[in-house]
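Asker: When the letters of the sequence shown are read in order and numbered with this note's numbering, they come out as residues 15 to 849.
Just so you know, these hints were derived from the structure itself, not from any lab.
Within a straight-line C-alpha distance of at most 25 Å, the following computed SDA-like cross-link-like pairs (lysine to any residue) qualify:
1) 791 x 774
2) 262 x 178
3) 149 x 104
4) 627 x 617
5) 244 x 747
6) 472 x 435
7) 149 x 134
8) 516 x 444
9) 262 x 51
10) 637 x 736
11) 708 x 665
12) 432 x 409
13) 516 x 454
14) 125 x 784
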Amino acid sequence: METLIILFFLPFLFLVADSQRPGFVSIDCGGTNNFTDNLGLDWVSDNQFIYGTGANLSVPSEKRNQYTTLRYFPADNRKYCYRFNVKPRTRYLVRASFLYGNFDNSNVYPKFDIYLGATHWSTIVISDADTIEVKELILLAYSPTISVCLSNATTGQPFISTLELRQFNGSVYYTEYETQFFLSLSARINFGSVSDDPIRYPDDPFDRIWESDSLKKANYLVDVAAGTEKVSTNMSIDVNRDERPPVKVMQTAVVGRNGTLTYRLNLDGFPGFGWAVSYFAEIEDLGPTETRKFRLHIPGQPEFSKASVNIQENAQGRYRLYEPGFPNISLPFVLSFAFMKTSDSTMGPMLNAMEINKYLQINYGSQDATLISNLTSLYPQADWAQEGGDPCLPVPSSWVQCNSDPQPKIVSIILSGKNLTGNIPSELTELTGLVELWLDGNSLTGPIPDFSRCPNLKKIHLENNRLTGAVPSSLVDLQNLSELFLQNNLLSGALPRGLLNKNLNLNYSGNINLHFEKSGMKRIEILIASVVGASVLVMVAIACFFIMYNRKKRDSNEGDVTRPLPPQKLVSYLSNTATESAHCFTLLEIEQWTSKFEKQIGSGGYGLVYYGKMKDGKEIAVKVLTNDSYQGKREFSNEVSLLSRIHHRNLVTFIGYCQEEGRNILIYEFMHNGTLKQHLYGPLVQDRTISWIKRLEIAEDAAKGREAISNESFGMDCRNIVHWAKSHIESGNIQGIIDPSLRSDFDIQSMWKVAEKAMMCIQPYGRLRPSMSEVLKEIQEAISIERGTELAIEGNSDTLSKSSIHSPLHAGSPDLGTCKPFVSLDDPIALPTAR
Numbered sequence: 015m016e017t018l019i020i021l022f023f024l025p026f027l028f029l030v031a032d033s034q035r036p037g038f039v040s041i042d043c044g045g046t047n048n049f050t051d052n053l054g055l056d057w058v059s060d061n062q063f064i065y066g067t068g069a070n071l072s073v074p075s076e077k078r079n080q081y082t083t084l085r086y087f088p089a090d091n092r093k094y095c096y097r098f099n100v101k102p103r104t105r106y107l108v109r110a111s112f113l114y115g116n117f118d119n120s121n122v123y124p125k126f127d128i129y130l131g132a133t134h135w136s137t138i139v140i141s142d143a144d145t146i147e148v149k150e151l152i153l154l155a156y157s158p159t160i161s162v163c164l165s166n167a168t169t170g171q172p173f174i175s176t177l178e179l180r181q182f183n184g185s186v187y188y189t190e191y192e193t194q195f196f197l198s199l200s201a202r203i204n205f206g207s208v209s210d211d212p213i214r215y216p217d218d219p220f221d222r223i224w225e226s227d228s229l230k231k232a233n234y235l236v237d238v239a240a241g242t243e244k245v246s247t248n249m250s251i252d253v254n255r256d257e258r259p260p261v262k263v264m265q266t267a268v269v270g271r272n273g274t275l276t277y278r279l280n281l282d283g284f285p286g287f288g289w290a291v292s293y294f295a296e297i298e299d300l301g302p303t304e305t306r307k308f309r310l311h312i313p314g315q316p317e318f319s320k321a322s323v324n325i326q327e328n329a330q331g332r333y334r335l336y337e338p339g340f341p342n343i344s345l346p347f348v349l350s351f352a353f354m355k356t357s358d359s360t361m362g363p364m365l366n367a368m369e370i371n372k373y374l375q376i377n378y379g380s381q382d383a384t385l386i387s388n389l390t391s392l393y394p395q396a397d398w399a400q401e402g403g404d405p406c407l408p409v410p411s412s413w414v415q416c417n418s419d420p421q422p423k424i425v426s427i428i429l430s431g432k433n434l435t436g437n438i439p440s441e442l443t444e445l446t447g448l449v450e451l452w453l454d455g456n457s458l459t460g461p462i463p464d465f466s467r468c469p470n471l472k473k474i475h476l477e478n479n480r481l482t483g484a485v486p487s488s489l490v491d492l493q494n495l496s497e498l499f500l501q502n503n504l505l506s507g508a509l510p511r512g513l514l515n516k517n518l519n520l521n522y523s524g525n526i527n528l529h530f531e532k533s534g535m536k537r538i539e540i541l542i543a544s545v546v547g548a549s550v551l552v553m554v555a556i557a558c559f560f561i562m563y564n565r566k567k568r569d570s571n572e573g574d575v576t577r578p579l580p581p582q583k584l585v586s587y588l589s590n591t592a593t594e595s596a597h598c599f600t601l602l603e604i605e606q607w608t609s610k611f612e613k614q615i616g617s618g619g620y621g622l623v624y625y626g627k628m629k630d631g632k633e634i635a636v637k638v639l640t641n642d643s644y645q646g647k648r649e650f651s652n653e654v655s656l657l658s659r660i661h662h663r664n665l666v667t668f669i670g671y672c673q674e675e676g677r678n679i680l681i682y683e684f685m686h687n688g689t690l691k692q693h694l695y696g697p698l699v700q701d702r703t704i705s706w707i708k709r710l711e712i713a714e715d716a717a718k719g720r721e722a723i724s725n726e727s728f729g730m731d732c733r734n735i736v737h738w739a740k741s742h743i744e745s746g747n748i749q750g751i752i753d754p755s756l757r758s759d760f761d762i763q764s765m766w767k768v769a770e771k772a773m774m775c776i777q778p779y780g781r782l783r784p785s786m787s788e789v790l791k792e793i794q795e796a797i798s799i800e801r802g803t804e805l806a807i808e809g810n811s812d813t814l815s816k817s818s819i820h821s822p823l824h825a826g827s828p829d830l831g832t833c834k835p836f837v838s839l840d841d842p843i844a845l846p847t848a849r
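Please work from the sequences and hints to get the whole structure.
Answerer: See below:
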């Protein structure tokens with residue numbers, strides 16, 4: 015289908031979901047049958063309602079039926095949306111999951127964006143074929159429908175495995191900022207869990223997923239203090255307040271028997287402003303003289319350290335929920351936190367659960383979104399009306415064009431030949447930014463409406479319909495009108511005389527009952543102009559035909575003499591000029607310098623590297639890229655442009671390029687001392703290894719190189735290497751990625767400092783990644799630690815007891831020191847407050 019649209023008729027889905035809980039919808043993307051899972055949740059297939067392509071998966075580690083299929087979409091510039099009916103002014107949880115499973119047999123890990131309406135929700139970055147990526151959002155519905163859209167594929171194809179909607183009751187997750195921000199889940203943890211399995215429906219009536227604190231996975235808890243002990247109870251817990259966590263979650267907890275609970279947690283989507291809550295319930299029997307009082311400590315942020323907590327006192331009894339938290343707190347990507355008993359307490363701190371969400375600013379989209387929603391509701395069965403989402407964002411619907419304003423307006427409606435019937439919709443007359451309106455080739459009836467509320471209209475195409483009545487005089491008042499096509503309708507009466515005085519391309523033929531008010535002179539002039547114009551076009555076409563014919567004949571008579579084409583200059587899409595600073599060599603020259611690629615000196619995922627020597631004696635390294643190293647001529651051109659603009663003493667000199675006979679070739683200076691890889695792991699090691707401080711100095715020099723001059727990335731990426739290192743760092747096992755040849759000749763603090771900054775550098779959004787100056791600063795501080803000239807360990811305040819610093823891994827992140835109170839767009843807030 016032309017539009018490749020996705021639509022869900024939610025009345026059907028809600029009927030299915032009524033058997034479990036009102037407001038629950040579970041969509042099995044790519045599935046073919048409806049089913050009920052072992053939790054009692056009813057899943058419905060999207061097979062009957064959407065476009066896109068379904069695919070089957072076979073992932074040995076995943077047996078749930080909803081993860082045996084997925085639906086994927088073309089990697090183009092369109093958006094593909096699921097649309098839900100919701101109740102306005104009601105809060106919902108929306109959850110999407112993605113299991114790649116190498117469904118396309120390409121091993122190209124997809125990267126694409128997911129939107130909630132016009133709001134960018136997240137960038138989906140697949141780094142492992144068998145790992146499920148889950149994104150969760152809490153929102154206050156502000157219209158009768160919401161749309162979840164996939165768009166902007168960077169690599170691979172957009173796909174989705176499941177999509178779930180869960181309705182909340184009452185004031186659950188109420189915030190003062192819910193009309194301005196969604197809540198994007200970063201962590202929801204069940205402490206003291208008796209197994210690795212998460213807790214969700216039916217234990218949680220809202221089907222939130224509470225992850226076990228014992229689960230070892232990326233982005234999870236490390237740095238657990240000595241003396242941390244799990245406790246549990248079978249007693250019922252009163253949770254009927256605030257966010258109503260499940261009783262089963264509150265029946266387990268961790269206790270710091272040595273007086274301290276400490277953790278380090280990576281927060282997905284941070285740094286940024288967030289909503290953070292701890293859940294407490296006293297589930298141990300305390301003696302008459304026993305007390306449990308403790309306080310929160312966030313290293314480097316004393317202003318957010320809470321007053322002492324007495325669970326029984328604050329909850330007004332045992333086995334009752336107490337939920338303190340911050341509705342607006344600035345948090346880093348790497349969060350270190352601790353709960354420490356006070357000096358007058360006999361028992362260590364207790365923690366049952368924790369939840370952290372990031373504020374995600376709402377983009378309410380185009381100014382015409384409501385009008386377009388009303389328009390599309392008139393044509394529920396039409397493909398073009400089912401695209402869903404905002405008409406302009408993240409990309410325009412296939413039948414509209416929008417301007418580039420922050421809150422865009424529609425400037426063009428293109429509904430030619432869409433089988434439209436009935437009157438021209440009144441919504442079209444209220445699009446104040448409309449410049450072009452194409453409704454030709456339909457079966458529209460009734461009169462031409464008043465377009466005076468569309469003062470920018472330049473082109474109106476209503477030809478080949480069944481419109482009746484007179485041509486309205488209000489068209490005369492459209493000062494910018496330059497095209498008015500009304501031919502082949504059933505219009506009648508007199509054309510407004512004012513139209514004859516406008517510089518207007520007017521066609522009203524085929525309306526036998528339509529005429530001018532008085533003189534027909536203007537009509538004759540228009541018809542003559544049309545005939546003359548048509549004659550000129552015919553003559554030009556004939557002339558072009560003979561010119562091309564003669565040229566073709568001349569070329570065919572030149573015989574078989576072949577002339578080699580000169581090297582083609584590449585034009586970079588990063589600028590408007592040719593890459594003149596990069597020299598373009600011929601393939602013949604390169605073959606002469608390399609003796610036809612005789613001596614191979616390197617290889618990799620990008621291709622092969624050969625040794626060469628130019629005529630002037632300069633030694634070169636010739637990198638011949640594989641055909642799949644780049645995604646085409648545009649990417650190669652941009653790469654050449656970037657390399658030709660970067661000059662630095664720490665970077666290998668780029669000499670030139672060649673692109674002939676389907677080959678993409680880059681030419682660099684030859685390095686006699688070998689590569690860094692050869693010095694680390696290759697034949698140049700020779701029982702000598704590069705020390706950690708020397709490696710830091712190399713990294714320092716590299717960081718002093720590329721200011722970033724492009725937001726794009728080029729060439730083969732290192733996604734597998736990144737995933738390998740990331741999984742070790744996030745699980746706290748930094749030893750797993752340290753070169754064994756370093757033995758113990760390094761300071762673990764400097765190692766963690768570099769590792770955590772590296773984690774920041776691979777965030778999916780540019781705004782979350784540090785600048786090169788920040789990276790350089792961290793490397794230099796790590797060098798200072800190694801040299802012993804400066805103590806740069808941050809995050810351990812004097813009030814933190816030594817028992818919390820239980821291992822050399824407990825180093826505070828330098829980002830923890832930047833703490834700002836959250837400020838609403840309308841109402842400034844001085845300090846965060848407890849719930």
